[in-house]
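Model the full structure from these sequences, guided by the hints.
Here are the chains, one letter per residue:
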Amino acid sequence: MTPAIAPAALAPRQDRRAQWLLIGLAVALTLFIVVVPLVYIFWRALSEGFAVFAQNIMAPDTLHAIWLTSVVAVITLPVNLAIGIAAAWLIARFTFPGRKALLTLIELPFSISPIIAGVCYLLLYGRQGLLGPVLAAGDVKILFALPGIILVTLFVTSPFVAREVLPLMQAQGSEQEQAALTLGASGWQIFRRVTLPNIRWALLYGAVLATARAVGEFGAVSVVSGAIRGQTNTLPLQIELLFNDLNIVGAFAAASTLTLIALVVLVLKTVLEGRTR
Amino acid sequence: MKTRLTTALALALGLASPVAAQDAILNVSYDVARELFAELNPVFAEKWQAETGRTVTIDQSHGGSSKQARAILEGLPADVVTFNQVTDIDVLAEGGLVDENWREAFPNQASPYYSLPAFLVREGNPKGIDDWDDLAQDGVQVIFPNPKTSGNARYTYLAAYAYALDKNNGDQAAAQEFVKKIFANVPVFDQGGRAATATFAERGIGDVLITFEAETGGIARQYADAKLERVTPSLSVLAEFPVAVVTENAESKGTAEVSKAYLDFLYSPDAQRILARNFNRVHDEAITAEFAANFPAVKLVTVEDVFGGWDKVQQEHFAEGGILDSVFVNQ
Numbered sequence: 001m002t003p004a005i006a007p008a009a010l011a012p013r014q015d016r017r018a019q020w021l022l023i024g025l026a027v028a029l030t031l032f033i034v035v036v037p038l039v040y041i042f043w044r045a046l047s048e049g050f051a052v053f054a055q056n057i058m059a060p061d062t063l064h065a066i067w068l069t070s071v072v073a074v075i076t077l078p079v080n081l082a083i084g085i086a087a088a089w090l091i092a093r094f095t096f097p098g099r100k101a102l103l104t105l106i107e108l109p110f111s112i113s114p115i116i117a118g119v120c121y122l123l124l125y126g127r128q129g130l131l132g133p134v135l136a137a138g139d140v141k142i143l144f145a146l147p148g149i150i151l152v153t154l155f156v157t158s159p160f161v162a163r164e165v166l167p168l169m170q171a172q173g174s175e176q177e178q179a180a181l182t183l184g185a186s187g188w189q190i191f192r193r194v195t196l197p198n199i200r201w202a203l204l205y206g207a208v209l210a211t212a213r214a215v216g217e218f219g220a221v222s223v224v225s226g227a228i229r230g231q232t233n234t235l236p237l238q239i240e241l242l243f244n245d246l247n248i249v250g251a252f253a254a255a256s257t258l259t260l261i262a263l264v265v266l267v268l269k270t271v272l273e274g275r276t277r
Numbered sequence: 001m002k003t004r005l006t007t008a009l010a011l012a013l014g015l016a017s018p019v020a021a022q023d024a025i026l027n028v029s030y031d032v033a034r035e036l037f038a039e040l041n042p043v044f045a046e047k048w049q050a051e052t053g054r055t056v057t058i059d060q061s062h063g064g065s066s067k068q069a070r071a072i073l074e075g076l077p078a079d080v081v082t083f084n085q086v087t088d089i090d091v092l093a094e095g096g097l098v099d100e101n102w103r104e105a106f107p108n109q110a111s112p113y114y115s116l117p118a119f120l121v122r123e124g125n126p127k128g129i130d131d132w133d134d135l136a137q138d139g140v141q142v143i144f145p146n147p148k149t150s151g152n153a154r155y156t157y158l159a160a161y162a163y164a165l166d167k168n169n170g171d172q173a174a175a176q177e178f179v180k181k182i183f184a185n186v187p188v189f190d191q192g193g194r195a196a197t198a199t200f201a202e203r204g205i206g207d208v209l210i211t212f213e214a215e216t217g218g219i220a221r222q223y224a225d226a227k228l229e230r231v232t233p234s235l236s237v238l239a240e241f242p243v244a245v246v247t248e249n250a251e252s253k254g255t256a257e258v259s260k261a262y263l264d265f266l267y268s269p270d271a272q273r274i275l276a277r278n279f280n281r282v283h284d285e286a287i288t289a290e291f292a293a294n295f296p297a298v299k300l301v302t303v304e305d306v307f308g309g310w311d312k313v314q315q316e317h318f319a320e321g322g323i324l325d326s327v328f329v330n331q
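Residue numbers (UniProt numbering), protein chains in the order written: chain Y, 1 to 277; chain H, 1 to 331.
The set of hints was computed from the structure by calculation and includes no laboratory data. Predicted model only: the values in this text are computed from it and were never measured. No residue lacks a Cβ here, since even glycine has one placed at the ideal position from N, Cα and C. Honestly, I wouldn't trust all of these hints.
[Claimed, not checked] DSBU-like, lysine-lysine: derived pairs with alpha carbons at most 35 Å apart:
1) H:227 - Y:141
2) Y:141 - H:47
3) H:181 - H:227
4) Y:141 - H:181
5) H:253 - Y:141
[As the list claims (entries may be wrong)] Just some of the chain H residues that point at chain Y, by a computed CB distance under 7 Å:
6) 34
7) 76
8) 302
Structure (structure tokens):
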């Protein structure tokens, strides 16, 4: 560290140069780490004209990858919502032995690398795995097909909803629900009229985060998908494939689609963040 | 209702089982072969229909071939494999999925095409790089990926080693010294072949890129502006691209016949022409003559002849503390 950033510089009589240096450094870092790569994706995607870009997006395999990724997101979302609400409700409203353990378990996928999740599923459901012979006997296909992709995506995205909803539920307490109960509301009525409206923004925020992750997941899906193009290749896998094929424009076109989805999610997230606070 | 929904979903995803008079096979392949098979598959489908009256869909899966082999062992329903490493099919044979004698099932040790480590240099070849000797000179920067993680780079290592052995009448110490010099000229070891290509072609680092000859054509085409030039050394190591029917899967799916026909097709003149046009060397002499410009003369040696086979190479060279570690000092 240079002396300029030493405690003396932070004293009331501030050194303007140090201030600008730090701001400049932050701006430069943001520029080169975030902004430039993002702009570059779109610039490269469109570098050979919009027609070539559109042609690459409309390539059957890329189109299918976009479709498959959407299907995965649409299927995992309601499951995530249900599990997230149930888990948050259980932990916020009840005390029971193993409550702390459950909390840790819910957050576990955050701390485990996705590749480990993928390998675990491979070793469990694979042909040589623990459940492999049973699945083969019943002709149930999990790995290298849609169910496997959905399972690992669920594993990776499962903590998001509970993580967002739980703190809010804990902060709000159960007074309103108890009041509803004394007024004779049924369990479903309490949930629909009291609990859900209270947590709706946190719920949406969690849903957005989970979806963003579901759409972008690469590592875990890469292990269990089998990468059959036009069948089990999700958008992130398709990008890698095109890049490996030296089809740079195709790869960047697919990447810009994924980035667009991410940007939309980011805007949604920022809007929702304002609502939850 | 539930079943109908699942069926609809399966149909929508194209996962539905094929209808009668239609065959479907899954070709599990290495990672950079997508465009090659995209070109080959329609030709086979046409031929198959003309011969049998049946339509055939060939699905493709591409990835690192060791990872692909692992996936097949765990149930990826491959009918045929087209790999770039012999050892990865051996793994399947050990797992009982591929016939033990798979190398005898098709001509040329079940390798319909082959390639070799070759060079790609900058426009006008300013450093005058023509052979392995030139890579060991001071002031030459050489780019190839890390042999610890890349099969491509292992071939590069073996080719340089074989060249030095040939030149020094089999003197192992001299060969190791030579390879060490080349390794000292590598400024950055990337993870894989594609990353090394980016280092050389996009970031403009290095005077020469070493990769499979089959790749050099595609790279030169992709980075046409850079006007990269292909150079074939005087001696190199034969790199096989082995194929096999995954017997167990093909028999249970009833696709054994079409799978075999598909691999046989790779040896036909039509397929060999497509392969040669994409800078893969083929055994068909007429086709080789047709694309003579793509394939300068080279003395090819095999891993079996020079190094005593892949098992031995693995033990002596690539295992922890092997010869590779002793020449690979500045990794």
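We went through each hint and held it up to the structure:
no.: 1; hint: H:227 - Y:141; in the structure: violated, 49 Å
no.: 2; hint: Y:141 - H:47; in the structure: holds, 32 Å
no.: 3; hint: H:181 - H:227; in the structure: holds, 28 Å
no.: 4; hint: Y:141 - H:181; in the structure: violated, 52 Å
no.: 5; hint: H:253 - Y:141; in the structure: holds, 14 Å
no.: 6; hint: 34; in the structure: holds, 5 Å
no.: 7; hint: 76; in the structure: holds, 4 Å
no.: 8; hint: 302; in the structure: violated, 27 Å
Of the numbered hints listed earlier, those contradicted by the structure are 1, 4, 8.
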